[in-house]
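Listed below, chain by chain, are the residues.
Number of protein chains: 2
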Amino acid sequence: MIPLQLIPLPGLPEITPGTTLAPLLIEAARAAGTPLTGGDCLVVTQKVVSKAEGRLVRLDPADPDARRHLIEAESVRVLRRRGDLVISETGHGWVCANAGIDLSNVDEGWAALLPVDADRSARRIRDGVRAGAGVEVAVVISDTFGRPWRHGLVDVAIGVAGLAAVVDLRGTGDDRGRPLQVTEVAIADEVASAAELVMGKARGVPAAIARGLDPDWLREGSSASLRRPSGEDLFR
Amino acid sequence: MIPLQLIPLPGLPEITPGTTLAPLLIEAARAAGTPLTGGDCLVVTQKVVSKAEGRLVRLDPADPDARRHLIEAESVRVLRRRGDLVISETGHGWVCANAGIDLSNVDEGWAALLPVDADRSARRIRDGVRAGAGVEVAVVISDTFGRPWRHGLVDVAIGVAGLAAVVDLRGTGDDRGRPLQVTEVAIADEVASAAELVMGKARGVPAAIARGLDPDWLREGSSASLRRPSGEDLFR
Numbered sequence: 148m149i150p151l152q153l154i155p156l157p158g159l160p161e162i163t164p165g166t167t168l169a170p171l172l173i174e175a176a177r178a179a180g181t182p183l184t185g186g187d188c189l190v191v192t193q194k195v196v197s198k199a200e201g202r203l204v205r206l207d208p209a210d211p212d213a214r215r216h217l218i219e220a221e222s223v224r225v226l227r228r229r230g231d232l233v234i235s236e237t238g239h240g241w242v243c244a245n246a247g248i249d250l251s252n253v254d255e256g257w258a259a260l261l262p263v264d265a266d267r268s269a270r271r272i273r274d275g276v277r278a279g280a281g282v283e284v285a286v287v288i289s290d291t292f293g294r295p296w297r298h299g300l301v302d303v304a305i306g307v308a309g310l311a312a313v314v315d316l317r318g319t320g321d322d323r324g325r326p327l328q329v330t331e332v333a334i335a336d337e338v339a340s341a342a343e344l345v346m347g348k349a350r351g352v353p354a355a356i357a358r359g360l361d362p363d364w365l366r367e368g369s370s371a372s373l374r375r376p377s378g379e380d381l382f383r
Numbered sequence: 148m149i150p151l152q153l154i155p156l157p158g159l160p161e162i163t164p165g166t167t168l169a170p171l172l173i174e175a176a177r178a179a180g181t182p183l184t185g186g187d188c189l190v191v192t193q194k195v196v197s198k199a200e201g202r203l204v205r206l207d208p209a210d211p212d213a214r215r216h217l218i219e220a221e222s223v224r225v226l227r228r229r230g231d232l233v234i235s236e237t238g239h240g241w242v243c244a245n246a247g248i249d250l251s252n253v254d255e256g257w258a259a260l261l262p263v264d265a266d267r268s269a270r271r272i273r274d275g276v277r278a279g280a281g282v283e284v285a286v287v288i289s290d291t292f293g294r295p296w297r298h299g300l301v302d303v304a305i306g307v308a309g310l311a312a313v314v315d316l317r318g319t320g321d322d323r324g325r326p327l328q329v330t331e332v333a334i335a336d337e338v339a340s341a342a343e344l345v346m347g348k349a350r351g352v353p354a355a356i357a358r359g360l361d362p363d364w365l366r367e368g369s370s371a372s373l374r375r376p377s378g379e380d381l382f383r
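Note that the protein sequences, when read in sequence, are chains A and B.
Per the numbering used here, the first sequence runs over residues 148 to 383.
Per the numbering used here, the second sequence runs over residues 148 to 383.
No lab work stands behind these hints: they were computed from the structure.
One or more of the hints may lead you astray.
[Unchecked claim] Have a look at the derived ranges for each label pair, beta carbon to beta carbon:
1) Arg224(A) x Arg224(B): 24 to 32 Å
2) Gly238(B) x Pro170(A): 51 to 59 Å
3) Arg224(B) x Val225(A): 21 to 29 Å
4) Leu381(A) x Leu203(B): 23 to 31 Å
5) Ala220(B) x Arg227(A): 27 to 35 Å
6) Gly185(B) x Pro182(A): 25 to 33 Å
7) Asp363(A) x Gly201(B): 32 to 40 Å
8) Arg224(A) x Gly230(B): 23 to 31 Å
9) Pro157(A) x Gly185(B): 23 to 31 Å
[What the hints assert, rightly or not] Stretch-level coverage of chain B by chain A, calculated; a stretch enters the list once three of its residues show a Cβ under 8 Å from a Cβ in chain A:
10) 152 to 159
11) 223 to 234
12) 297 to 306
13) 339 to 345
14) 375 to 382
Note that the structure is a prediction, hence the values are computed from the model and not measured.
We put the CB at the ideal spot given by N, CA and C, even for glycine.
From just these sequences and the hints, can you work out the full model?
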C-alpha cells in the first residue's frame, strides 16, 4: 500500500493584505524539493489566508473590552463564557473559542478574523495552482480548535476545495459484510490534523502537502458538510 | 524538512482473545516492506486491542434492550439521549457515543467494549516490540469518536505509550516572539486521525505506522492528559 506523506512547506515570505498565495505555495513546494503534483492536497493555515485576504482588524490594547466586543461582533450565538473564554457560534456556523479570532502571529494591536468564506479561499488557491503550475490539487484551509471534553487543541478544516470533506462509508460493509455502525468520516479534519503534526504552532510553517490521499476523495466538497446544524445538535 | 509518513499495516490475521499483538505487528510491518524502526509510532485500533484482550461480551440480538443496558453498565454519567444514541461518560472518563461499545467487525451477537486500560495496552505492545524486534517505538491506541458541533467521525487516541499525548508549546513564543495564545496541542489525537486516513473504516486495516514524528514528543505520556476533568468542562 502507498504511504501517506505530510510534507511541511517552510519559507513563505511575510504575508500581507493582497498577497496572492498560490504562487508562493508553488514556489515553497519547489524550494522544499517536492514540487506540487496532481492529487496532492495543500493544507494552508487560516492565519495566512486571513492575512492575505486583509481580515485584520485593529484592537486597541488599552481597551480591556475591545477583545470581547470583537468576539461578540463575530458571533451569532454565545454558548458558554468562563473568564476570558467565550465559546460561540460564528456567522459561518463554526462553534469554537473566541469566534476564531486570533491574536498570535499578528502585530500587536491587531487581530485576525476568520476568512469570510474559506471554501472560496480554498478554491482560489486551487485555481491559482492550476493556472500557475498546471496541476490539479485539493486544498484545505485549517484552523486550531479546542474540544469540549478533550484537553489539547487539534487542527480542523474550515475550508475545502477539490476534496470531499466527509466521506460516507455507509453500505460498504464491515469485514463481516454487515452494514457498518459508524459511517461518515471527517477526512478533511483528519487531513488538517495530520498536517499540523509537521507545521507546529511555533515553528512558523503555515502550509503543508498531504500526498497520497485516496483518489476517490478528490472530488468537489464543501466545509458545510462539516457543520452540524443546530437542530441536530445535542449541546447547543 | 523531513516528511511524516503514515504507512498502513494490512494483513493482520484474525485476532482472538489471548492473541499477543506485538509479534503480529512486527511481522505485518516486515511484510509491508517497512520493518519497524526506532522512533516509529505504531497506531493500533481499539477494535483489535479489545478483541485480543477478550473485551467481548454477548449481546442477545433478540433482546431490544440489551444494547441499552450494556451502554448504561459501561457509563458513569449519561449526558444526552436521542433515539438509540446515548452520549455518556465512560468509567475511563471518555465522553463519547454509546460508551465506546462497537458492534461492527465483531461476530453477530457480540459487542466489543473499550480496553480496561488502553495506556497499559499500549505499553504492552511497546514492550513486546522492544522484546521482539529490539526497537523502541511509541504506541497509540485509536478509536473513532464523533464531535458535538461537527459532522463526521475522527479517530482519536484512547491510549498512549512512549508519546506525549499533549505537547505544551506555551512560552515558546509565536513568530513575533510574544507568548502564544494557543498552547497545548493534542498530538496523540492528531496522530490517530492521520493514521485513520490510511486505515479506513471498511478496508480492514487495523494498524499503521507514523514515521517521522518530532523526536521531542517521544517521551512517556498518558491518555489522562487528553481527558478534560468534568470540573473544567463547560458542557457536561
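Any hints from earlier that this structure breaks? Give me their numbers in increasing order, please. none
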